[in-house]
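Under the working numbering, the letters of the sequence shown match residues 406 to 573, in that order.
Don't take each hint at face value.
[Said to hold, decoys possible] Result set (SDA-like, lysine to any residue): computed pairs, CA atoms no more than 20 Å apart in a straight line: (1) K452 to F418; (2) K452 to V413; (3) K566 to E519; (4) K452 to T411; (5) K566 to D496; (6) K566 to R467; (7) K566 to L514; (8) K452 to A541; (9) K452 to A470; (10) K566 to K452.
No lab work stands behind these hints, which were simulated from the structure alone.
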Amino acid sequence: MTIDWTEVYRTTFPDLVRFLHRKVWDLERAQDLAQEAFVRALRHEPKTPRAWLFQVASNLARDEARTAIRRKRHLTLLKSETEDRQKSMPDPARDLAERERMGQVRDALDSLSERDREVLLLWDAGQSYTEIARQAGLAIGAVGTTLARARRRLADAYQEKEQVDVAR
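Could you put together the complete structure from these sequences and hints?
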């Protein structure tokens, strides 16, 4: 069976970029990594392209983080919102509040274990439990429990970050 790569690209690329953006916090870099994943997919022609693309993209993001760690003593993958986002929010108070909220969400996500973060981001990218299980190395039956616990940990971490900021 021949894979319709145009259709795979059309249906998968936006989700893949969103998934990667939440890993590297840089939209342009996320787009570059997604493109690289597609280039590799065209070379390998996997049987299940969507799942394969997310796995490769996850590995590419992880490799990039490792490279950055070697270059810097303190890795900071968090960046401010894109210029387009800032332009669309002309109210400085709202812009500041949104950036602070996004920073709290990023901090909360970064405080999670790699597995929790991975499961949440895969789910957010629209992956099925079967695909999440395959990519995270979990039993299919464990995905729901892991996802529920990861959501709870994320909510707790976010609330903790919010309380710390309010106390300042």
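Evaluated hints:
| no. | hint | in the structure |
| --- | --- | --- |
| 1 | K452 to F418 | holds (17 Å) |
| 2 | K452 to V413 | holds (12 Å) |
| 3 | K566 to E519 | holds (19 Å) |
| 4 | K452 to T411 | holds (16 Å) |
| 5 | K566 to D496 | violated (24 Å) |
| 6 | K566 to R467 | violated (25 Å) |
| 7 | K566 to L514 | holds (11 Å) |
| 8 | K452 to A541 | holds (19 Å) |
| 9 | K452 to A470 | violated (28 Å) |
| 10 | K566 to K452 | violated (42 Å) |
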